[in-house]
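A.B. asks: Listed below are the residues making up each chain.
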Amino acid sequence: MTGLWVKNAYVIDPISGIMGEIMDIAIRDGKIVEEVNDGAPVIDAGGCLTLPGGIDSHSHVCGTKVNFGRYMSPEDMRAGRTARKGVMHVTSGYSVPTTFGNSYRYSSMGYTTVLEGAMAPLEARHTHEEFTATPHQDMLANTLFDGNWSIMEAVRDKDVKRAAAVVAWTLAAVKGFAIKLTNPGGTEAWGWGEDVHSIHDEVPHFGVTPAEIIATMIQANELLNLPHSVHIHCNNLGVPGNYQTTLDTIGLAPDLNRERQSLYLTHVQFHSYGGSTWQDICSKSEEIARAVNARPQVAIDMGQIMFGRTTTMTADGPMEWKLYMLHRNKWSNHDVELETGSGIIPVYYGRKSLVNCVMWAIGLELALLTKNPWQCMLATDNPNGAPFVKYPEIIALLMSSRFRENERNVIDPRTEHFVPLFAIDRELDWYDIAVMTRAAQAKALGITRIGKGYLAPGAEADIAIYPLKPDELDPAVDYQQVMAGFAKTAYTIKRGRVVARDGEVVVEGANSTIWSRADVPPEYDLNQDAEFVKKFEQYYTVRMRNYPVQDVYLPRGLSIRTEASL
Amino acid sequence: MRVILKTRPRAKPRIPIEAETIIPQNFLRKNDIRVYEGNKERKLEDLFFITVEGPAVSPDQVEVILTGDTGVIKRVGEYMNAGRIIVEGDIGMHCGNFMSAGEIIIRGNADSWLAREMRGGFIRCEGDAGHYCAAGYRGEKRGMRGGTVEVLGNAGDFAAEYLSGGEVHIHGSCGDLPGVEMRGGTLTIGGDCLRPCGNMTGGICRIFGTAHQFLPTFRKNGTEDVQYGGKHYRMAAFRGDIANRGKGRVLIRA
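Chains as they are written, first to last, in our numbering: chain A, 1 to 566; chain B, 567 to 820.
Fair warning: there could be bad hints in the mix.
[Unchecked claim] Think about it this way: if two alpha-carbon atoms lie no more than 16 Å apart in a straight line, the pair counts; the simulated EDC-like pairs of lysine to aspartate or glutamate are:
| id | chain 1 | residue 1 | chain 2 | residue 2 |
| --- | --- | --- | --- | --- |
| 1 | A | Lys7 | A | Glu35 |
| 2 | B | Lys606 | B | Glu629 |
| 3 | A | Lys161 | A | Asp519 |
| 4 | B | Lys609 | B | Glu584 |
| 5 | B | Lys578 | B | Asp612 |
| 6 | A | Lys330 | B | Glu607 |
| 7 | A | Lys85 | A | Glu504 |
| 8 | B | Lys707 | A | Glu75 |
| 9 | A | Lys85 | B | Glu607 |
[Stated by the list, open to error] A few chain B positions that, by computed beta-carbon distances, are all more than 12 Å from chain A:
| id | residue |
| --- | --- |
| 10 | Leu610 |
| 11 | Gly620 |
| 12 | Arg711 |
| 13 | Gly788 |
| 14 | Thr789 |
Since the hints were made in silico from the structure, they are not lab data.
The beta-carbon is built from N, C-alpha and C at its ideal position, and this holds for glycine as well.
Turn these sequences into a full structure, and let the hints steer you where they fit.
C.D. replies: Okay, here's the thing in structure tokens:
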């Protein structure tokens with residue numbers, strides 16, 4: 001492979017400590033190097049903002065529930081159609097686009113790595129097949145363990161090492177990346193028509209509480225030395241007054257890892273509500289942000305909602321049922337045997353709805369009130385809060401208080417009585433945005449070790465060049481330009497190859513799927529564990545030998561190996 | 567104005583033609599009409615012999631006549647809002663999607679999804695209709711909302727699924743589950759059908775043949791006298807679907 005020069009670039013690379021310098025970047029064989037020979041092709045960045053390739057640390061783009069969202073919403077499929085053009089396939093869909101639609105739109109926004117937020121282990125094959133059809137991003141899959149029977153039995157027996165062994169076996173079997181807990185215990189309870197309402201409620205038939213599940217899994221995660229921490233979607237999502245549950249969960253997080261957080265709380269906006277009913281819902285973002293500021297061992301993402309039509313999808317079955325009781329429109333609920341569940345509902349977030357306006361404000365407040373941008377990442381829980389194509393608008397809202405003031409005039413006028421947003425005058429700068437959209441994600445996911453999220457020699461050459469000149473632009477005033485600039489890169493470079501130019505994809509992609517493999521001592525290998533094998537054959541509807549995802553499903557798999565401290 | 571479109575012989579006659587652009591309002595202005603043959607975009611004249619007779623000043627005066635091998639042409643009359651289309655033979659899937667006004671006459675049979683999510687206007691199919699006649703698309707919560715569909719032959723499964731307004735009249739028999747999830751409008755079935763009106767919440771369904779495997783979740787509610795085809799019928803009236811607290815009415819010939 002020939003080399004490539006990116007010259008005259010205004011680089012912000014928070015991990016390498018580069019805060020806005022004009023410099024040249026040399027690329028050879030998909031990696032960033034010190035220099036390449038002068039004959040190599042040159043991209044003149046012309047002083048434009050150049051960042052490491054974007055990383056989305058929580059997004060739902062592939063897998064069975066996304067697909068169900070696609071086929072239950074023909075109206076969404078009619079929105080956002082694009083024709084075949086050059087190497088680009090036909091795409092359709094807005095909130096749940098086709099896989100190529102997702103891939104092209106992420107690519108034109110400069111994103112090169114995306115984490116699928118929830119993969120049911122039993123349905124992993126489909127997720128991996130869709131990963132292969134999302135060719136311009138390296139993909140990772142959080143694997144659901146919230147209602148896993150083997151895990152809950154290990155938690156009941158207070159056997160952390162057993163839990164770690166189950167995690168190690170499952171991740172290796174389904175080629176997952178990290179542990180995801182979605183409403184821990186609640187999804188299992190939902191199988192019996194119940195839910196848990198605090199982290200100290202008991203899960204029926206298992207006699208364990210969400211708090212015990214979370215605490216055990218955090219320890220198991222560290223025993224396996226996995227790259228990412230436990231990734232949690234707290235209990236009581238979307239319930240007024242749920243901020244107390246979130247604070248309790250944050251309080252459970254010990255500080256076990258020097259490199260990264262020990263607990264990642266996702267879409268915290270949905271978990272920061274005060275009040276007791278939908279009538280008196282208010283923002284408790286200040287309390288949540290204070291707790292996060294006081295604990296460097298936790299990281300969060302915003303889960304921002306944006307006004308408009310979208311589709312909600314989560315493994316949190318009971319929550320989707322509650323949403324259905326509000327909307328009374330089409331819905332779906334699904335049980336994954338012995339593991340988890342899911343639900344899907346199309347929704348509309350309106351500026352005229354006070355509740356939606358309060359939700360909108362809470363997401364922004366979390367980002368503005370969290371002092372350390374490394375602890376609060378930008379995400380919409382795509383597509384639950386909004387489709388990811390709204391990220392540029394969120395960036396503009398965070399960078400410009402004037403934009404927020406303008407929005408204040410078009411939303412429900414009562415909003416300001418319920419939220420502190422309009423009293424916050426913080427405006428994020430380019431560095432904060434660079435942290436919140438790629439560097440913090442790379443650090444939180446632990447993928448800097450494979451060269452993601454920075455631009456120093458040795459890193460993967462994933463680069464996004466935005467048509468924005470930070471020297472000439474005041475984002476507080478020119479927020480429209482910021483929005484347009486972040487929506488379409490001038491160049492998106494993936495592994496040393498220009499994949500998108502001016503919002504159009506120019507090559508066929510070849511992504512890799514990144515997964516974690518923890519090497520455990522033989523006595524913790526569940527393939528040899530007679531009791532585990534017996535229970536598996538007894539309770540699952542598939543044979544244990546048919547359960548693991550074969551390598552053929554990951555044409556370009558990349559495993560991160562770790563040595564378990566068991 | 568009368569526009570006659572006669573299909574040209576094609577090398578691969580079974581490749582479907584996606585022709586949502588064949589609607590009367592498009593022929594009023596002589597713009598460049600394009601259709602898809604498989605995944606290739608084609609000019610209309612590449613696939614049809616086009617004859618235009620007479621003038622027109624509004625789309626109401628435009629009549630489009632399709633002749634030849636028309637059974638593979640899909641989406642004719644999509645979003646049509648005026649004028650008239652006459653199909654001399656069979657027609658492909660999705661004829662009259664989202665149509666809001668005007669008239670479509672089909673001399674032969676219609677494939678599936680005839681009059682899908684139609685909002686107004688009139689469609690008559692003189693042969694048989696396929697599955698999902700006058701229904702909503704998969705995942706849609708409302709099907710046909712207005713207008714009239716008349717099928718002189720039989721219809722396939724799921725006829726008038728999610729019907730929420732307008733009138734559907736099938737002179738022959740229906741397949742499985744006609745009028746399922748109905749929430750308004752009128753469905754008339756001249757012949758037999760299987761398991762009609764499951765989960766119905768509103769509207770009226772009249773069945774003049776035999777309703778096989780009629781669901782037990784309908785409550786009998788007296789009788790009613792109805793005129794149909796010049797004859798007098800005594801109908802058993804049902805209310806339901808009570809499994810869904812529905813307030814629909816089903817009249818079945820006693």
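A.B. asks: Quick one: which hint numbers does this structure break? Sort them smallest to largest.
C.D. replies: 2 and 6
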